[in-house]
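Input sequences plus hints: build the corresponding full structure.
So the sequences go chain by chain: A and B.
Sequential numbering of the first sequence, starting at 1, is according to my numbering.
Sequential numbering of the second sequence, starting at 1, is according to my numbering.
These are computed hints drawn from the structure, not numbers from a lab.
Where hints are given, some of them may not hold.
[Said to hold, decoys possible] Here are some chain B residues pointing at chain A (derived, C-beta under 10 Å):
| no. | residue |
| --- | --- |
| 1 | Glu83 |
| 2 | Phe122 |
| 3 | Ala123 |
| 4 | Gly207 |
| 5 | Ile210 |
| 6 | Cys286 |
[To be verified] Derived coverage of chain A by chain B (criterion: at least 3 residues anywhere in the stretch with Cβ under 8 Å from a Cβ of chain B; other residues may be distant):
| no. | stretch |
| --- | --- |
| 7 | 45-56 |
| 8 | 94-108 |
[What the hints assert, rightly or not] Below, in silico cross-link-like pairs of lysine-lysine (BS3-like), each with a Cα-Cα straight-line distance of 25 Å or less:
| no. | chain 1 | residue 1 | chain 2 | residue 2 |
| --- | --- | --- | --- | --- |
| 9 | A | Lys45 | B | Lys208 |
| 10 | A | Lys200 | B | Lys311 |
| 11 | B | Lys265 | B | Lys300 |
| 12 | A | Lys110 | A | Lys124 |
| 13 | A | Lys273 | B | Lys208 |
Yeah, the Cβ is synthetic: ideal placement off N, Cα and C, and Gly gets one too.
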Amino acid sequence: MTIGIPKALFYWKEPFSTGAHIGHFWEIFFESLGVEVILSPETNKEIVERGVKVSDPEFCFATKVFLGHILWLEGKVDYIFVPRLKTNEEKLEYCPKFFGLPDLAKILVKTPILTETFDMREGKIETSLEKLGKKLDKNAIKIEKAINNAFLKEKGSKKKQEQDFLKKIKSDKQRIVLISHPYNLYDDYVNVGIKKKLEKLGAEVIFIDEVPVKRQETRARSQKLDYPEFHWEFGKEIMEKIEEILKYTFSGAIEISSFLCGCDAVLKEFVEKAFKGNKIPFLYLIIDENTADAGLQTRLEAFMDTIQ
Amino acid sequence: MKNYLGIDVGSLTCKFVLINEKNEITFSSYFRTEGNPIQSVQKGLRELKSQISKNTEIMGVGTTGSARYLSGVITGADLIKNEITAHAKGTTFFIPDVRTIIEIGGQDSKIIILENGVAVDFAMNLLCAAGTGSFLDAQAFRMDIPIERFGELALKSENPTTISSRCTIFAESDMIHKQQVGHKTEDIVAGLCEGLARNFLSNVAKGKDIKPPIVFLGGVSENVGMRKAFKGALNQKIIVPQYNTVMGAFGVALLVKKLGLPKSKFFGFEISDKDIRCTSFICKGCPNQCEVIEARIDGKVIARWGDRCGKWSNLNP
Chain A
1 MTIGIPKALF YWKEPFSTGA HIGHFWEIFF ESLGVEVILS PETNKEIVER
51 GVKVSDPEFC FATKVFLGHI LWLEGKVDYI FVPRLKTNEE KLEYCPKFFG
101 LPDLAKILVK TPILTETFDM REGKIETSLE KLGKKLDKNA IKIEKAINNA
151 FLKEKGSKKK QEQDFLKKIK SDKQRIVLIS HPYNLYDDYV NVGIKKKLEK
201 LGAEVIFIDE VPVKRQETRA RSQKLDYPEF HWEFGKEIME KIEEILKYTF
251 SGAIEISSFL CGCDAVLKEF VEKAFKGNKI PFLYLIIDEN TADAGLQTRL
301 EAFMDTIQ
Chain B
1 MKNYLGIDVG SLTCKFVLIN EKNEITFSSY FRTEGNPIQS VQKGLRELKS
51 QISKNTEIMG VGTTGSARYL SGVITGADLI KNEITAHAKG TTFFIPDVRT
101 IIEIGGQDSK IIILENGVAV DFAMNLLCAA GTGSFLDAQA FRMDIPIERF
151 GELALKSENP TTISSRCTIF AESDMIHKQQ VGHKTEDIVA GLCEGLARNF
201 LSNVAKGKDI KPPIVFLGGV SENVGMRKAF KGALNQKIIV PQYNTVMGAF
251 GVALLVKKLG LPKSKFFGFE ISDKDIRCTS FICKGCPNQC EVIEARIDGK
301 VIARWGDRCG KWSNLNP
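Right under this line is the structure:
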């Protein structure tokens, strides 16, 4: 049996993934169950074009890209895996589009969609994973082993990421923090190669996702920041990480937002305030399938000039 | 005589500025690109050559504007600089204490915030080119008013009508509607200027701390109706300095001079007469299918760009 996993949206999300050092949570989980896994490739022009073609114009860019990945997998596998992510360990909600991804995928392709709901208000993450394993007719012992394998690898990745962060934050170059959702940060095609572009201009790029924070219910809030209790997990996550990064020195911050992302429209106000209030140069960029390379380059060059 | 050349090629117009060792502008030109940046650069160089003395020595060439890369490649520029930095540099030369620069060109509009002569924040129009020169051009053409007279006409209005400012398409429908219900042309033109200023301030300049002195630059700053509209909307004096349309070219000339290069890489005025062409092809190397641009002078490839991976641009001779 083969399972296809789209390399988009949920693929990059915690607690299942640790960005640059992806622990390959889903691959390890399924492979440990004795299932062959096929990943869709890195996003490319063809995937974007196919996704945009079938998308409602109101979808955010990241969702259009996701649908392109689903289409790439169609017919190549027995099942396409699309989990329904509803709430995380802190019982905070994922973006509403994550609720509907399996349904969108089902009406798009003929290949059956394998799904399971991850709602940690209802039960632990392991419970959902067990249900998922049972859908594939695997026994409890095998499933437990697969869960452990996947989490173990993920833990290792997390550690590596922390070490990397500590190295980067001490770099002699101009340290620039990039703020966005992991599926925009780690997808070079989607973000128009912003990391490479900044590195060429002499920057050390730090993704906000890489900033280590300790997850605690009762974190002491710093006086430097003022933001509400977020309804969304990414809102809390990004603001907490900003709070942490503000303890270090860096040259500037750039936020990338998917065109038509409603959640970002709210979040942006707090992100911008956090940096500007602390006198850190801030640039806001919106990306979509029409993002011109030249326009982005101009803004990045000017930004690097202003911080020098 | 040692001189430094700044070239600013934008979406609609092309600007040339030559400065001497004392930073004095000894030549400047401003003309329409007419959709052909290469020929415009050649034309600009030809005109420049005809107006300068024989002992003029070009010690450095800088390019800026949205076609800065192309114009830099075909002239052998020593410096290719973004237009934000170039405008900030040029403006602070004339008005050292400037705090806000509003620059509206053919398709871009930008705001630059400065502190102590240094740009500290900026914004450019993100996904929408509403309110830039191209739109004013199109409306002037549609109403059969020469663009140079558009602003004067706006000043005649005593009762500007409200024109939707969110989107140029809606602004145009709004203007047509106002014409159809019998509003005076000058009131519509003035209303349009006010709408565009409002649009700029609520989109591009949103959240920016606009402090005086405020300097207004770019082709659209020639429009007295727009100057008045910004003055009214901001309730502040709007300064439109001399060289308002060529400030980016002046800025990049200053920047290249500052490099203090012993010798320029400038290809010379001869390139005006050479056959310069750009062609493009789709790279079939991967599913990205990038459109790669190839620039040639007299058939010889001088540069390639447009690829995501660098396979072609790294091949540059």
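Do the hints match the structure? See the list:
no.: 1; hint: Glu83; in the structure: holds, 7 Å
no.: 2; hint: Phe122; in the structure: holds, 6 Å
no.: 3; hint: Ala123; in the structure: holds, 8 Å
no.: 4; hint: Gly207; in the structure: holds, 7 Å
no.: 5; hint: Ile210; in the structure: violated, 15 Å
no.: 6; hint: Cys286; in the structure: holds, 7 Å
no.: 7; hint: 45-56; in the structure: holds (count 3)
no.: 8; hint: 94-108; in the structure: violated (count 0)
no.: 9; hint: Lys45/A x Lys208/B; in the structure: violated, 36 Å
no.: 10; hint: Lys200/A x Lys311/B; in the structure: holds, 16 Å
no.: 11; hint: Lys265/B x Lys300/B; in the structure: holds, 17 Å
no.: 12; hint: Lys110/A x Lys124/A; in the structure: violated, 31 Å
no.: 13; hint: Lys273/A x Lys208/B; in the structure: holds, 12 Å
Comparing the model with each numbered hint stated earlier shows that hints 5, 8, 9 and 12 do not hold.
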